[in-house]
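*Asks:* In order, the protein sequences belong to chains A and B.
So the first sequence is numbered by this note's numbering: it starts at 1 and just counts up by one.
So the second sequence is numbered by this note's numbering: it starts at 1 and just counts up by one.
Read the hints as simulated data drawn from the structure, not as lab findings.
A hint or two may mislead.
[As the list claims (entries may be wrong)] For the chain A half of the interface with chain B, some residues (derived, Cβ under 10 Å), not all of them:
| hint | residue |
| --- | --- |
| 1 | Pro-16 |
| 2 | Glu-67 |
| 3 | Thr-238 |
| 4 | Ala-267 |
| 5 | Gly-301 |
| 6 | Gly-304 |
| 7 | Asn-356 |
| 8 | Gly-359 |
[Said to hold, decoys possible] Quick partial rundown of chain B residues pointing at chain A, CB under 10 Å, derived from the structure:
| hint | residue |
| --- | --- |
| 9 | Met-66 |
| 10 | Arg-91 |
| 11 | Ile-95 |
| 12 | Phe-99 |
| 13 | Ala-212 |
| 14 | Cys-216 |
| 15 | Ala-217 |
| 16 | Thr-234 |
| 17 | Thr-238 |
| 18 | Gly-301 |
| 19 | Gly-328 |
Glycine is no exception: its CB is placed at the ideal position from the N, C-alpha and C atoms.
Protein chains: 2
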Amino acid sequence: MQKRLLLTPGPTMVPPEVAAAEAQPIIHHRAPEFTPVMKRVQEGLRYLFQTKNPVVILASSGTGAMECALTGVCSPGDKVITVEGGKFGERWGKIAKTFGLNPVNVPIEWGSAITPEKVKQLLDENPDAKAVCITHCETSTGVLTDVKGIAAIVSKSNALLLVDAVSSLGAEELRTDEWGVDMVITGSQKAIMLPPGLAFLSVSERAQKRAAESKCASFYFKLSSYLKNLEKDTTPYTPAVSLIMALDKALEMIRKETVEKIWERHARLSSAIQAGCRAIGLEIFSQSPSHVVTPIRVPEGIDGEKIPKILRDELGVTIAGGQDQLKGKVIRIATLGYATEFDATTGICALEIAMNKLGYKFQVGAGIQAALKELMK
Amino acid sequence: MQKRLLLTPGPTMVPPEVAAAEAQPIIHHRAPEFTPVMKRVQEGLRYLFQTKNPVVILASSGTGAMECALTGVCSPGDKVITVEGGKFGERWGKIAKTFGLNPVNVPIEWGSAITPEKVKQLLDENPDAKAVCITHCETSTGVLTDVKGIAAIVSKSNALLLVDAVSSLGAEELRTDEWGVDMVITGSQKAIMLPPGLAFLSVSERAQKRAAESKCASFYFKLSSYLKNLEKDTTPYTPAVSLIMALDKALEMIRKETVEKIWERHARLSSAIQAGCRAIGLEIFSQSPSHVVTPIRVPEGIDGEKIPKILRDELGVTIAGGQDQLKGKVIRIATLGYATEFDATTGICALEIAMNKLGYKFQVGAGIQAALKELMK
Numbered sequence: 001m002q003k004r005l006l007l008t009p010g011p012t013m014v015p016p017e018v019a020a021a022e023a024q025p026i027i028h029h030r031a032p033e034f035t036p037v038m039k040r041v042q043e044g045l046r047y048l049f050q051t052k053n054p055v056v057i058l059a060s061s062g063t064g065a066m067e068c069a070l071t072g073v074c075s076p077g078d079k080v081i082t083v084e085g086g087k088f089g090e091r092w093g094k095i096a097k098t099f100g101l102n103p104v105n106v107p108i109e110w111g112s113a114i115t116p117e118k119v120k121q122l123l124d125e126n127p128d129a130k131a132v133c134i135t136h137c138e139t140s141t142g143v144l145t146d147v148k149g150i151a152a153i154v155s156k157s158n159a160l161l162l163v164d165a166v167s168s169l170g171a172e173e174l175r176t177d178e179w180g181v182d183m184v185i186t187g188s189q190k191a192i193m194l195p196p197g198l199a200f201l202s203v204s205e206r207a208q209k210r211a212a213e214s215k216c217a218s219f220y221f222k223l224s225s226y227l228k229n230l231e232k233d234t235t236p237y238t239p240a241v242s243l244i245m246a247l248d249k250a251l252e253m254i255r256k257e258t259v260e261k262i263w264e265r266h267a268r269l270s271s272a273i274q275a276g277c278r279a280i281g282l283e284i285f286s287q288s289p290s291h292v293v294t295p296i297r298v299p300e301g302i303d304g305e306k307i308p309k310i311l312r313d314e315l316g317v318t319i320a321g322g323q324d325q326l327k328g329k330v331i332r333i334a335t336l337g338y339a340t341e342f343d344a345t346t347g348i349c350a351l352e353i354a355m356n357k358l359g360y361k362f363q364v365g366a367g368i369q370a371a372l373k374e375l376m377k
Numbered sequence: 001m002q003k004r005l006l007l008t009p010g011p012t013m014v015p016p017e018v019a020a021a022e023a024q025p026i027i028h029h030r031a032p033e034f035t036p037v038m039k040r041v042q043e044g045l046r047y048l049f050q051t052k053n054p055v056v057i058l059a060s061s062g063t064g065a066m067e068c069a070l071t072g073v074c075s076p077g078d079k080v081i082t083v084e085g086g087k088f089g090e091r092w093g094k095i096a097k098t099f100g101l102n103p104v105n106v107p108i109e110w111g112s113a114i115t116p117e118k119v120k121q122l123l124d125e126n127p128d129a130k131a132v133c134i135t136h137c138e139t140s141t142g143v144l145t146d147v148k149g150i151a152a153i154v155s156k157s158n159a160l161l162l163v164d165a166v167s168s169l170g171a172e173e174l175r176t177d178e179w180g181v182d183m184v185i186t187g188s189q190k191a192i193m194l195p196p197g198l199a200f201l202s203v204s205e206r207a208q209k210r211a212a213e214s215k216c217a218s219f220y221f222k223l224s225s226y227l228k229n230l231e232k233d234t235t236p237y238t239p240a241v242s243l244i245m246a247l248d249k250a251l252e253m254i255r256k257e258t259v260e261k262i263w264e265r266h267a268r269l270s271s272a273i274q275a276g277c278r279a280i281g282l283e284i285f286s287q288s289p290s291h292v293v294t295p296i297r298v299p300e301g302i303d304g305e306k307i308p309k310i311l312r313d314e315l316g317v318t319i320a321g322g323q324d325q326l327k328g329k330v331i332r333i334a335t336l337g338y339a340t341e342f343d344a345t346t347g348i349c350a351l352e353i354a355m356n357k358l359g360y361k362f363q364v365g366a367g368i369q370a371a372l373k374e375l376m377k
């Protein structure tokens, strides 16, 4: 017998009560009984996003919400600053190019984050930039970007700040209104504890004004249309009803725990993972690691693709490997969303078993001992 | 106590075994155990679509798949023929305009269907047209279009035939390859018996060639990218895993029943609804009614918005009202997807009760008697 554990940076595990809510009989999305659900999830999302502004709900993956955000507030020819420090940062640039924007792509080393100072310099050099697009947690490298510091700079400029928080919202502190972030994007299958299929974006007053003027080619993802429909607690096209019923339940759990406690929990669990790894001589890849996912450098002489394979196939624990240029060079362990201290300890125990099988030399038990000590702090 | 019955043309009722499949623990979409699921649903979809060609799966509503199809095989400036005989036919024209295509919009009276002869004439007048976009069942009016006849004409031209079968696929005969239809589009929340959140499109060889050349602005919905990923049984962005697990179960049920039997069942149930309505003096709105949904003209002196309200709030039976210019003028009853003869009889019984409450004069029981007789044929 195996119990399956999903320690990946999305999709993440779904609480049984959320899965049960998803399996409820379908309500017609235009029936009056769906309206209170839409009102309630809107309130819950605004709490989670820490915003008083509308949060748009899309039936799509997180990438769809990135497209909706960027095409929703820009017009062809607009200059936008995009930061390429990993697979997801690159995506901003690709979307911008696709829709005829003029992206200033800023490449930074994979594993490092852009600083507020660098953003200030970029805005000084490009005072006509209409948007700055960054990635809160670059899931491919685990790096966390200083959104608060960057927002303090960008909010004083004419550019809007678009933050891809697909993997981080709920796991890392992000105070949308207080920090002055114009658009925060996230997906359902991360800290929100839902299956994939929904994406969300918050829209500041500045961004709402821009949405009314945007001229990018956009139909399904037309931001202004979602904003107009949201005023009537509805969506322009059929919403993913069962996922929204599940969202209602997940947001109830999130409000009960409170975002502050959830941020704390993510910090505690990922610190335990980091401590456990370091104690058996493994190096954390990222220079500014997030609490979303811990990327671990594969040690010399070990086959990096075999670690996740053994964990998954022999032990029932799914973690992530490296993506693109990091394939085989890192493994990534996440305690994201529906995860407790014992998911973290199981992760470290399983990692010790797998590394031992692969012939990696370390003191068995040192990892889990360090993880436990970290959790007892 | 009320049992809720959903007799709308989407979302439709979800079988309990499909809902249970949806609530299963999440599998990571890049894990090897997801590959056989993707292979199996691809086979099942090809059977349902009656095609040997790839069927793309999107996390979006049906509208997203329409955008994916049209932008996937056209380039800005391309002439396309779109038929506006209802709310959904209009949508083709709007999408075409949004992405810089040159739509020749053909308005026809709401409640009527375009004929193969008219399509032939349009193609003769527009030999440079790159695509003909039609609606199999125009859900807003219940009208069925002769796709087979139109495909026989279009397949001899240089234009591709794009068929919005969002509400009809599985409910009405549609033989994609045999008839020569290039792209068939559908959604999950209709005859496929799933919650909303997935959309599908089949892509003929001609259309695949065109997809490689398309120059429309498209990122999330980039058709060529979905086709490329499908070869590896995957998707470019995170798929809606729980809905795909549910799809796997629903397609198993569909294959067991067979499409021919499912088409027959839809015909039998909607004929019973039609017979029941006629027997109490109600008129069917559509000139060529489909088996997807039966639109019924609201009789003189009766408040058309009150009929669905009484059915839903007092009797637990949700039907649809009229949309846009038909608001208050028609009601629409569907026995689509997971529906049996006793859902049809319940629908007619409930309709008799509601019409009686509203003071409509008719012989009580005449409707259900006619419906029963129709079902006994």
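*Asks:* Hint by hint, say whether it matches the structure.
*Replies:* Hints versus structure:
1. Taken as an interface hint, A:Pro-16 checks out: its beta carbon lies about 8 Å from the nearest beta carbon of chain B, inside 10 Å.
2. The beta carbon of A:Glu-67 is positioned within 10 Å of a beta carbon in chain B (closest approach about 5 Å), and the interface hint is therefore held.
3. Evaluation of the A:Thr-238 hint against chain B yields a held restraint, the C-beta minimum of about 5 Å falling below 10 Å.
4. A hinted interface residue such as A:Ala-267 counts as satisfied when its beta carbon comes closer than 10 Å to some beta carbon of chain B; here the least separation is about 24 Å, so the hint is violated.
5. The interface hint given for A:Gly-301 is broken, as the beta carbon of that residue sits about 25 Å from the closest beta carbon of chain B, more than 10 Å.
6. The interface hint given for A:Gly-304 is violated, since its Cβ lies 15 Å from the closest Cβ of chain B, which is over the 10 Å cut-off.
7. Checking A:Asn-356 against chain B: minimum C-beta separation of about 23 Å lies over 10 Å; hint violated.
8. For the restraint placing A:Gly-359 at the interface with chain B, the shortest Cβ-Cβ distance is roughly 24 Å, beyond the 10 Å limit, so the hint is violated.
9. The interface hint given for B:Met-66 holds, since its Cβ lies 8 Å from the closest Cβ of chain A, which is under the 10 Å cut-off.
10. Because the closest C-beta pair between B:Arg-91 and chain A is about 9 Å apart, less than 10 Å, the hint holds.
11. With its C-beta approaching chain A no nearer than about 5 Å, B:Ile-95 sits inside the 10 Å limit, and its interface hint holds.
12. The beta carbon of B:Phe-99 comes within 5 Å of a beta carbon in chain A, closer than 10 Å, and the hint placing it at the interface holds.
13. Violation of the interface hint for B:Ala-212 is found here, the shortest Cβ-Cβ separation to chain A being roughly 17 Å, above the 10 Å cut-off.
14. The beta carbon of B:Cys-216 is positioned within 10 Å of a beta carbon in chain A (closest approach about 8 Å), and the interface hint is therefore held.
15. For B:Ala-217, the interface hint holds, the least distance from its beta-carbon to any beta-carbon of chain A being 5 Å, beneath 10 Å.
16. Look at B:Thr-234: its Cβ only gets to about 13 Å from chain A, farther than 10 Å, so that hint breaks.
17. For B:Thr-238, the shortest C-beta to C-beta distance to chain A is roughly 5 Å, which falls under 10 Å, so the interface hint holds.
18. At a threshold of 10 Å, the smallest CB-CB gap from B:Gly-301 to chain A is about 25 Å, leaving the interface hint violated.
19. Interface restraint check: B:Gly-328 against chain A, minimum CB-CB distance 15 Å, threshold 10 Å, status violated.
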